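J.: In our numbering, each number is its position in the sequence shown, counted from 1, plus 89.
Treat the hints as calculated values from the structure; they're not laboratory data.
A portion of the hints provided could be inaccurate.
Simulated crosslink set (BS3-like; lysine-lysine; CA at most 27 Å straight-line) [what the hints assert, rightly or not]:
id : residue 1 : residue 2
1  : Lys99     : Lys419
2  : Lys127    : Lys254
3  : Lys297    : Lys225
4  : Lys422    : Lys225
5  : Lys99     : Lys297
6  : Lys385    : Lys127
7  : Lys419    : Lys297
8  : Lys385    : Lys277
Please read all numbers here as calculations on a predicted model, not as lab measurements.
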Amino acid sequence: MITKESSISKTQLFFMIIQSQIGVGILSLPHDVSLISKNDGWISILIAGLIIQVIILVLWGLCRRFPSLTIYEIIPHILGKRLGNAVILCYILYFVVTGSLVLSRFSQIIDIWILQRTPNWILILLMLGVCVYLVKDNLRSMARFYVLVTPMLIILFGLITYSLKDANFLYLLPIGQSGISNMLKGSKEATFSMLGFEFMLFLYPYVKASETRKLIAISSAHLFVTLFYTYLVFASLVFFETRQDLYLTPQPLLYMIKAYSFQIIERIDLFFLSIWIISVATSIATWLFLSSHGLKYLFERANHAAFLPYTAGIIFIIALLPDNETDLEKFNKLMEPAHFSFIVVIPLCLFLLSFFLPNKRHGDYSV
């Protein structure tokens, strides 16, 4: 049941989508995209943004047909209870594994840059504790935190902009040299770094706004993320003198700002990471929230908080499995078909199947 305490505004929806999309991939995105698209990595980000906007329209079309149902209620309504519960279970596993991989990547970066002697399991446990505390209450309290921390992205933007005082914009030339095929391949890497917009499948019925305004809020949030990511990749391309430097640097943004210091702040890279950790926390919290709510719907319970210890425990165990960057890359490759299936294929199939249901106002089936 959607209560007044759990509803959110369209402005809060805007900030929640932003915080869900911007996460751990922000540091490695310029490196990953440039390996494929070379000087045209920033174009790949724009292409990825356009592709995701098309996906958002499909997801919005599905939500619009069931305006008062979450994805966990839409699935059994269309597929039936037995098959629907099986699909919901698969979604829960997908969210758990995705959250685990984000958490594992976070612990490895912190281990490299800040806490080399601290065991990874401690970093993972501390982050999970924060995320569990963040999502244990209703959706509105979670949304308020997302709104509160989003302006801190301005600091990240400012730090990257400061490093551009040593940039050379001629490094971008010649534009289009990599070719259309490489730009499209690079956009695939960028798309995976922008995951999180699918949170709208759950948030949609909780937003107090018209359907058009919901779409505008979600699309505006995605536009912000696309432009933000494009700027970061653009800044990396004009900063590094040779492409070889960028190809060999797994977290180029940190190396960009590491060379600078202020009177008050000696290690700007550590200051950058301190703010980045907040974005990672909101991203992990989103996956934890979605998986625990999935269990709530699956077992028909009133509160999701009872399932948080179980989902957090499973995420903790899976996050410990990758021992190094190579293992993590293997996990990511295995997850690529899952991302495509759960974010594109299944929602599209549900959207098409919904037209074969009786011609009723689908929103009247719930809440």
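J.: State for each hint whether it applies.
T.: How the hints compare with the structure:
In summary, the hint linking Lys99 to Lys419 is not supported, as the alpha carbons are separated by about 38 Å, beyond the 27 Å threshold. With a C-alpha separation of about 22 Å, the suggested pair Lys127 and Lys254 falls inside the 27 Å cut-off, and the hint holds. Among the hinted pairs, Lys297 with Lys225 is consistent with the structure: their alpha-carbon atoms are about 22 Å apart, no more than 27 Å. Between Lys422 and Lys225 the CA atoms are separated by roughly 31 Å; this puts the pair beyond 27 Å, and the hint is violated.
Note on Lys99 and Lys297: the hinted pairing holds, with a Cα-Cα distance of about 7 Å set against a maximum of 27 Å. Using a Cα cut-off of 27 Å, the hinted pair Lys385 and Lys127 is violated, with the two alpha carbons roughly 45 Å apart. Taking the CA atoms of Lys419 and Lys297, the gap is about 41 Å. The hint is violated against a cut of 27 Å. This hinted pair does not check out: Lys385 and Lys277 have alpha carbons roughly 33 Å apart, beyond 27 Å.
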